[in-house]
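Given next are the chains, with one letter for each unit.
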Amino acid sequence: MEVPYIVKEREDTGLINSKLGIWVFLASEIMLFGGLFSAYIFLRLAAAPGEFAHWSAELSVPLATVNTLVLISSSVSMVMAWASLKLNDFPKYRMYMGITLLCALIFLVIKYFEYTGKFHHDIYPSSSTFMAIYFTLTGLHGIHIIGGMIVMLYFWLPVGSKMWDSQPEHFANRVEALGLYWHFVDLVWIFLFPVLYLL
Amino acid sequence: MSSKSHNHDHHDEGFIRKYIFSVDHKVIGLQYGITSLLFLLFGFSLMAIMRWQLAYPGTPIPILGFLFGESGTLAPEQYNSLGAMHGTIMVFLGVVPLAVGAFGNYIVPLQIGAIDMAFPKLNAASYWSYFVGGVIMISSFFMPEGAARSGWTSYPPLSVFENGQTFWLISMVFLITSSLLGSMNFIVTIVQLRAPGLTWMRLPLFVWSQFVTSFLLVLAFPPLEAAAILQLMDRVAGTSFFLPSGLVLSGEIVDVAGSGSPLLWQHLFWFLAHPEVYVLILPAMGIVAEILTNNTRKPLWGFKSIVYSMVFLGFCSFIVWAHHMFLTGMGQAMSAFFQTTTMIISIPSIVILTSYFLSLWGGSIRFNTPMLFALAFLPMFGIGGLTGLPLGLAAADIYLHDTYYVIGHFHYVVAPGTIFALFAGIYYWFPKITGKKMNEMLGKLHFWPSLIFMNGIFMPMFIQGLAGVSRRLADGGESYAHASGVLQWNEFMTTSAFLLGISQIPFIINLIMSIFSGEKAGRNPWDSTTVEWAAPSPPLAHVNFDSEITVHHSAYEYSVPDSKKDFIPQTEH
Amino acid sequence: MSSDHDISSIQDHIRVYLIVFGALAVLTIVTVIASYLEISTSEGIFLALIIASMKASLVAAYFMHLISERNTIIWILLLTVVFFFVMLFLPLISYTDQVHI
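Top line first, the protein sequences correspond to chains A, B and C. Note that the numbering used here has the first sequence beginning at 1, numbered continuously upward. Note that the numbering used here has the second sequence beginning at 200, numbered continuously upward. Note that the numbering used here has the third sequence beginning at 773, numbered continuously upward.
Do not take every clue at face value.
As the list claims (entries may be wrong) - As a list, the in silico BS3-like pairs of lysine-lysine whose alpha-carbon atoms are at most 27 angstroms apart:
hint	chain 1	residue 1	chain 2	residue 2
1	B	K719	B	K636
2	B	K636	A	K162
3	B	K320	B	K217
4	B	K635	B	K503
5	B	K320	A	K8
Worth flagging that the hints you see were computed from the coordinates, not collected in a lab.
If we strip away everything but chain A, and leave its shape as in the complex, we get (with noise of 0.2 angstroms):
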C-alpha cells in the first residue's frame, strides 16, 4: 500500500502532497532568507552613515546584472522544461532541464569570479559587516543553487529520468516540484541584487 495523493489530488484540497510539501518548505525558506535580510537592515542601521554605500561600491554591478539575466532565464527554461513534460516532449524536457543546469552553471561561475577578484584585494567576510552580510548572503544562496543544480542533475541523468517511462505523472509532478524550489532561488536573487549591488 502507497500513501495516497502523490499522483492524483486529493478532491477537497486540490493539492498532490508533493505541491503542498515543497511551498510549506518554501515557506521556511522566505523566513531563512528573511532572517539575514532583517539582519541587513539592521546593520545597516548600526554601521556609520554611508558605510555601507562605501562598502558596496566594491561589488560589480555589471556582473551581477549578467548574473541576474542568467538566474531569470534560467527560470524560463525551467518553467519549459516541466511544460515540455505535460506535452509528452521528452527530448525538448532534456534540452531545456540542460540548459538550466547550464545557466546555473555560469551563474556559479561568475560568483566564483566575483569571490576570488575580491579576496585578491584582499577584501573578506571579516572587512567590514557589509562584507560580512554579502557573503553570507550571496554564499547562502550559492548553497542553494548548488543543491538545485545536484536534484537537477539528478532528473536529468538516466538515474531519475527513468521514473519518465514507468510513471510519466509523478516524475512531471517531481519535476514541478524542483520548478518551483528553483524560481524561488531565483526570487531570492531578485531581491539581493538591489539590495546589495544598488542601494
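Since chain A is already given, all that's left is putting chains B and C on it; use the hints.
The following block gives chains B and C in isolation, referenced to the frame of chain A:
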C-alpha cells in the same frame, strides 16, 4: 517508490531496513521516543550535579567529582557549562523530540486513519538529522575546549569568544534541519491524509495541537538558523555581525571590523525561542485533552473554542518575543507593544485551561495513572502560566528579569506541566504501542512523589527570585547580601531534586517490565473514541489498520444519550 | 493542477512564460538604470524594492503558477509574508525607538 516493490520488501526487510533505517512512522516514533528519554535522563543528571553544588558549596560532588578536576567541585565555567547544556538538551534534545517527534510521529497518522506520514523517507531523514545533532551536542563535552557555557541562549559577545559554542552551533543546524523536515511532513500529512469523513472539526485536539505546533516550527526556526550561521561566521570567519566596535576582551581591544550588534542576535534568537515555548506546551495540551475527555466519559467542554484558542495562540506567539528583551534599552513604544501582545496571548491559554477545568464538572472520573498526570497538569500549568504574567509586564520584569523567579516560572510550565502531560501520554498510549498495559500501582508510586517533589524544587524558586537572587550564579547567590535570607532553600530544593530522580525508578521499572510481562491490553482498553484505537495493538507494520477506515462521528462522543455504550468510536457507522 | 493541462492550455502558458521573460529582462535593465538616478537614499530604497517586488510577483504568479493556485497554498504564503514583515520591521523599529539616557 512504486506500489509493486513496496509490498515485496515487507517480507524480506533485513534488520537494518526494518529497525534502523525504517521509514515506518511507528518505528521512527519509537526511535525518537527512546533517544529523547535518554537525553532527558542525561539533562536531569546535569542539573542534579548543579543542584548539589548549590546546596553544598565547596563540597566535592559525590561519585562524579573526579570528572571536574582535583577539588571535585564545580569551577564557575563548569557550572555554566552544565547550566547551558542542561537547558539546551532538555529543550532541543529532550522535550520537543519527545512531544513532537515521538508522540506526533507515532500517534498522528493513527488518529487520522492514515497508513503513514506523507513523506516516510523524509521522516527517517528527520530522525537521523536529530540523532547526528544530538551526537555532536554531547560530543562537545569531550572536546578539549569543553561544552558550551554561554547559556542555552548563546548571547554574544560572550558566545563568540567562549569555548564550546562552535559545536553547539553546528549541532543546532542539524537539529533545526530535523525540525523543519519533520514539521513540513506533519502539515502535509494532516491536510492531505485524513481518512474519509474526518473533517477539520472532527479532528482530535492532539492532532490540532500538532498541526499548530508544526506551523510554529516551520516559520519560526529558520531565523534562528540564519542567526546560528551568522554567529558561526563570527567565531570562525572573523566577522562581527554581533560584535560592536571598540569591544575590549581581557584588557585588549578586539581586532574585528566592529559595528555589529548583540541585539540583532537577541531579536533573531527570541523570534524562534518564544514560539518554541508554545511548541513545548501545545502537544502537552493536546495529550491532556485526550486523556481528560476519555476519563471523565464526557465530551470536552468548548471543543471549538479550544481549537480557535490553539490557532490564535500559535499566531500570537510570533509577535511577543521581545518580552524577553525588556531590559535591553527598548523605548516605550516597543515595550508597550510587546507588553500588550503578551497580555493578549494569555487569553487563549486561559480559555484552554478553563475549558479543561470545566470539562471535569459532572464527569464520571476514572483515576487511573494517565488521568492523575493529566489532572495534575491543570493546576501546575496554572501556576506556571500565572507566574508568567508579572514577567510579561515591563515594569515588574525590570525587577524579576534573570532572577530565580523566571526559572521557577518556566520550569512549572515545562516540568510539572509538559513533562507530566508526556508521562500521561506514555501511560495512555503504551497499550496501543506494545499491546500490554502498564502496572497501575507502580504508576501511582511514580505519580505521587513526582508531584510533591516537583513543587519542592520549583516553588521556593519564586521566593528566591522575589528576594532578587539572580540566575546562572555558580555560587547560588552566596556572595550577595540580599540573598542571605533565602539561601537556606537551596538544600530543600536539592533534596527534592534528588528525591524526584528516585521517584522515576518505578516508572523505568514499569516501562521495561510491562513490555515483557504486562497484562495483555486488547484493541481499546480505555474505551476511547479516537481512531488510533481501531487499529490492532500494536498496529500492523506499514499499513496500521486491518480494515478500511471511515469516520462518522466527532472526536469525543462520550455518554451520548440513548446510545448502548457510554462512548461511540469515531469509526462506528 | 493536472486537470487543466490539455495541449492548448499548455501552449497558452508557454506564450505567457515568454512574455514574462521579456518583462523581467526589461525590469532588470530598469533597476540598474534607476540606481544611477539622482535621488535620496530612502527614495532609492523605495524604488528598488518596488521594481524588485514587481519582478518577484511576475515570477511567483506565472512561473510558480500562484495566480491559479489553491487557497490552502495562498493562505500559507500570506501567513508567512505577515510574519516575514513582522521579523523585518519590529527589530528595525526597536533600533530607532531606544531609551536615551
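So, going through the hints one by one against the coordinates:
1. B/K719 - B/K636: holds (6 angstroms)
2. B/K636 - A/K162: Distance of about 49 angstroms is beyond 27 angstroms: violated.
3. B/K320 - B/K217: holds (13 angstroms)
4. B/K635 - B/K503: violated (34 angstroms)
5. B/K320 - A/K8: It holds: about 20 angstroms lies between the C-alpha atoms, which stays within 27 angstroms.
The structure fails to meet hints 2 and 4 from the earlier list, while all remaining hints are met.
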